[in-house]
Amino acid sequence: MQLSDSPASQRILLPVRASTIIGSLALALLANFLPWKNVALAPDFVALVLVFWCVRQPRLVGLGAGWLLGLLADAGNGVLMGQHALAYSLLAFASISLSVRVLWFPLWGQALHVAALLVFAQGVAALVRLAAGADFPGWAIVVGPLLGAALWPLATLLLLMPQRRPVAVDETRAI
Amino acid sequence: MNEGDGLSTLVPVTGMDHTPPPFFNRGPAPLVRLAFFASLSLALLVLDARFRYTEGLRSVLALAVYPLQSLATMPAALGERVADYFASQAQLREDNAELRSKLLSAAQAAQRFEAAQAENGQLRRLIGAAERLPLRSTPAEILYNGRDPYSRKVVIDKGSQSGVRAGAPVVDEAGVIGQVTRAHALASEVTLLSDKDQAIPVQVVRNGLRAVAFGAGASGMLELRFMAANAEIQNGDRLVTSGIDGTYPPGLPVATVARIERDAAYAFARIVCQPAAGVENGRYVLVLENAARQPPLPGEAGPEREKRPAKVRKPRRKDNDAT
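Residue numbers (my numbering), protein chains in the order written: chain A, 1 to 175; chain W, 1 to 323.
By construction, these hints were calculated from the structure, which means they are not laboratory data.
Please note that a few of the clues may not be correct.
[To be verified] With a straight-line cut-off of 27 angstroms between C-alpha atoms, the simulated DSS-like cross-links for lysine-lysine are: (1) W:K158 <-> W:K196; (2) A:K37 <-> W:K196; (3) A:K37 <-> W:K102.
Assemble the whole structure, with the sequences as input and the hints as a guide.
So, in structure tokens, the structure goes:
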């Protein structure tokens with residue numbers, strides 16, 4: 001049994017349902033397709049939710065899920081096929097490697113880790129595009145991942161909600 | 001956690017494989033999986049960037065995410081509809097009056113255009129040139145900006161089901177805004193003129209000088225490249241499509257020359273132009289299509305050109321033998 005929650009709120013969670021994971025990833029994809037005014041500043045919700053599930057459930061969500069989501073994002077955004085797929089599979093690998101470490105930190109410490117992960121994924125995508133001959137669009141592309149990391153506490157709150165069980169205090173129980 | 005640490009001291013655990021004990025079958029190692037997916041992605045990247053082989057896969061996936069996309073654009077569309085509903089009567093009357101006066105002047109221009117077109121057709125028949133066929137146009141609405149900071153694209157709400165094909169020029173009421181680069185079933189992707197990879201053949205209205213305008217990227221301007229430093233061009237010159245590429249019909253307004261930098265150190269002048277159309281703003285566009293069939297492009301290399309007729313000729317000879 002692993003300590004599946006942060007030290008800030010050490011409560012035992014219910015097992016996660018597959019429908020929660022799939023639903024949250026679909027919602028994230030939907031949020032990414034919203035008509036943003038400036039696409040460089042918009043946070044990448046899919047990457048954020050993917051990192052969340054890779055950190056929380058590394059056995060259920062991993063590289064394959066990241067790769068498939070990346071393909072969907074590529075097709076939906078009309079960018080080079082495989083750009084997001086590569087970035088998301090590397091992101092999934094990095095977050096699974098960090099998953100044990102990240103959960104020991106309080107939420108803001110986790111958010112710092114997530115910021116590094118998201119900037120890394122954006123960097124991979126940027127490298128792919130620069131190699132394919134695009135112009136560097138400016139350092140504004142780092143703002144999106146940082147905003148995404150700032151949303152980490154909110155994402156944790158929302159995505160763990162289905163797993164929290166009602167607090168039933170039993171005074172007579174030994175432990 | 002302590003149990004896990006104990007295990008990891010007993011069994012050599014590689015990389016991130018922290019919890020699962022090695023005696024359960026857990027599929028291939030993470031690094032192997034990473035190598036598999038990364039090489040798959042790289043292969044896709046090369047196939048797409050170099051050979052454009054992934055269009056089938058892309059259109060299938062695009063159709064799969066289309067419901068999500070239309071759902072995502074729904075709130076904005078709904079908001080616009082609500083705003084339209086609550087538009088004040090005074091504003092509507094004002095709009096109506098303005099549109100009516102525009103319609104009058106446009107109708108007059110259209111009459112003159114028709115007369116000129118008829119005359120042009122007669123003259124062309126007289127000199128034996130091919131007649132220009134009328135353009136078919138499809139009105140469309142811009143759904144959203146492409147979600148890619150590295151290129152300048154928009155997505156419009158008409159696709160191959162409405163007859164939009166890749167390569168068709170897209171205009172608004174003031175001039176060219178871009179070209180359809182990918183036509184999905186229900187939506188299509190338009191690359192704007194200001195995209196770095198987008199080129200359009202133009203002609204200076206004043207003296208007929210031909211040039212090619214390229215997108216300048218983030219600034220939203222166009223650039224005329226490879227124009228000699230002493231080229232006959234000045235600030236304020238209007239550029240229209242020359243039509244020599246067969247994609248854009250001739251005579252559509254493209255841009256106005258905004259700035260010319262002539263440096264003696266370089267052989268070429270640096271010419272920056274302001275697009276005539278609202279390339280980065282505006283909502284309603286028109287997708288044009290040449291009704292005329294394009295003549296086949298001449299082959300690039302000699303041997304390939306010789307090969308093709310030979311292939312066509314063979315069956316014909318057989319037919320002749322048979323008959």
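| Holds or violated: K37 (chain A) with K102 (chain W), Cα cutoff 27 angstroms? | Status violated; Cα separation ~31 angstroms.
| query | K158 (chain W) and K196 (chain W): Cα distance at most 27 angstroms? | reply | holds, 24 angstroms
| If you draw a straight line from the CA of K37 (chain A) to the CA of K196 (chain W), is it 27 angstroms or shorter? | holds, 20 angstroms
When each numbered hint is compared with the structure, a violation occurs for hint 3 only.
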